[in-house]
Amino acid sequence: MFRIILIWYLCNPLFPQKAGIVLFIKKEITFLSTIASLQIGETGTISEGALDEIPLKLLEMGCLPGAEVQLVQIAPLKDPLYICVNGSHLAIRKETAACIEIIKS
Amino acid sequence: MVSKKNIKVALIGNPNTGKTSIFNQLTGLNQKVGNYPGVTVDKKEGISKLSEQQTATITDLPGTYSINPTSLDESIVLKTLLDAKDKDAPDVILVVADAENLKRNLLLFSQIKDLQIPTLLVINMADQMQRKGISIDIKALEKELNTNIVLVSARKKDGIKEVKSAIIDCFIASKTTPMCSVNHKIDEAYFNKLKEVSSNYSLYELWLMVTQSSFPASISKEEKEKLLAFNSDTSKVKKYQHKETIYRYQKINEILKKTYTVDTSKATDLRSRLDRIFTHKIFGYVLFFGILLLIFQSIFDWATLPMDLIDTLFAEISSYLKDTLPEGVLTDLLTDGVIPGIGGVIIFIPQIAILFLFIAILEETGYMSRVVFLMDKIMRRFGMNGKSIIPLISGTACAIPAIMATRNISSWKERLITILVTPFTTCSARLPVYAIIIALIIPNKKIAGFLSLQGLTLLLLYALGFATAILAAYILQKTLKIKSRSFFVVEMPNYKLPSVKNVVFDVIEKTKAFVLGAGKIILALSIVLWFLASNGPGSFKDIEKNIVESTIDQQISAAEIEQKIASVKLEKSYIGIMGKAIEPAIEPLGYDWKIGIAIITSFAAREVFIGTLATIYSVGSNDEDVATIKQKMASEVHPETGEKRFNFPVGMSLLVFYAFAMQCMATLAIVKRETKTWKWPLIQLFGMGTLAYISAFIVYQILS
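For the protein sequence lines, the chains are A and B, in the order given. Count along the first sequence from 1, then add 30; that gives the number in my numbering. Count along the second sequence from 1, then add 8; that gives the number in my numbering.
Think of the hints as simulated: they come from the structure by calculation, not from any bench. Heads up, the beta-carbon is just placed ideally off N, CA and C, and yes, glycines get one too. Please note: incorrect hints may appear among the correct ones.
Covered, in the sense of this in silico footprint (three residues per stretch, anywhere, with C-beta under 8 Å from a C-beta of chain B), are these stretches of chain A [stated by the list, open to error]:
1. 83–95
2. 98–110
3. 126–134
Using the sequences and the hints, build the whole thing.
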């Protein structure tokens, strides 16, 4: 309930935004990001809605909605990403990772 | 059914499961590599003795994660399994899984099981289970999967006997119930209609035909048309494939929950500790280049002795035959054409074998995937894939197996670019040419006390080859109008110690591929060259007589007369005429007709350059004594200027020419095979030739 009022407050053009509040709120609300936005060592869960965007090959290797994915390492030059998902250790390109939505834990 | 003498078994599984080890254990040395009809993928087969009365032909299919293919290699798996009516179709499929990645391995297994061919599951790396805290309830799993399971540790040779008897049992029992009936969950109506199309194939086979548009030879035209109709709504089919995969994993998870446990407190994690070093921003690359340096150094250090031995051996054989066999054309053909030709192929084996040895070790340990990981972004800037680094490195031994190694690159454009630029890397055939020219024109000095100037020049030539490959790839990337979606998923397997047996078998296989593939062509060409060099128009046959007559009064030894005859013969032969004919074209590069002849002959194979020069400068034809060739070359004099023929500008021009020119018929043949058209090899030939000509021209004009 509190969250709904807060969002109404923030999104309502009648009220000027205070940057600090928005930052504080952002920390509270979980928001959707992609595998590409993980930091090294962070984990996330692949969201259910991501199914259509995941290439079939990745699905077959275990990258399924609901599975836990951890970023192990980033290659120099920021690409590819070395991830561990569902027990499989894989390297995928950043552009592929950016299509897969996750929920950060 | 039981009376069948030979069971056909197909070996399938994820990469890195030790499938190759199992294949090697089952077949020993009874392996051969053939070809799949119509496709340029190697077919690996072997015979295994299952019991006293029973043998099996085992086909090692390329490793794949799913029966849905994303590359040429993987499409073979589908083709082989889809046609159960085909005479080569397997009777039994052996799915290899490894204990640690069982969940993912079972996806492929579930697909195979749905094909309704008798299937056996082999779980490898059983010896690692305890270390990783894994325990599997085999009996329960067998019941859930309705399949016999054998626990194996291929490295330790545990369980191989059980696999053999299990194959026989599987064949006899012939259980063929599918594992996942996912159809009713996805869209019952659609799949029921699909099943009605044909009673000759299982539902899953029909579904695969629809999704992959791949049809077995035995299917009828009406059935095929009906199936094509099912694929009209591609987004629906794609959605169903996604759902199918999800439902498969759901079933697998259910089953594993009851039968598979991991005690994570027991697991040791060597992988992440090593990965932190090997994929490190800076240290990862440093280590990689260090390893490359080690490889090159070893190739030079270790290969020299065997190469010298082979050289001497073939020279001895040739002169022995020349002495013992009766004089005549056939003897000449044998001693001057065939034997040197074969020798020219065999002499490469030490270098190629050593390079393949290192590459096989790096692949076996799992390090290659980390290399691909480090190099992908860089390679992509030049239109290639991270996996292209392996052919580029192998190209320093020989471009032929390197080009064959591009088969695991799924994007056609990336694969084509890799194939086209790999010949720019300095292959081992260029080395003898480089060595002799460097020895002639670069002083044997050391700078900074330890860096040999000659060694440095060689290193620069290697760098030149590599840089040109990269640059050419960049240009091709921008100019080739090929649409292709590049996809990149690489598994980072666990690090493990390389298995000696696997490495040795791999090296033998790849060396054989080179010898048989390139060898035939080099041999054929050597014979053609011999013919062109030992025959000529007009008064050719009188040369010998004329020389003997004209020198009859002079104090010249018999050996010197023979050499003079050989030299004049070469000049007046067909090849000599060709060399004289192109002389005006190559003069701006600093070459004369003698060098012209050598260049023409090297268009077949670069290493022929030295042999041709030996003949031209009338060194005895049995004796490729490099020191004598060098002396002769050093003393050659330009008729007009009176200066040395092989001076610095000419030498540099030659080096540059050989760095860029496409002088290898065998490579052209392989490129034609892999690209299925003559267009690309011809483009390579003329493109690289033009580049070589222009560069050599510029170098010579600037330096002289």
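*For this structure, which hints from the list above don't hold up?*
3
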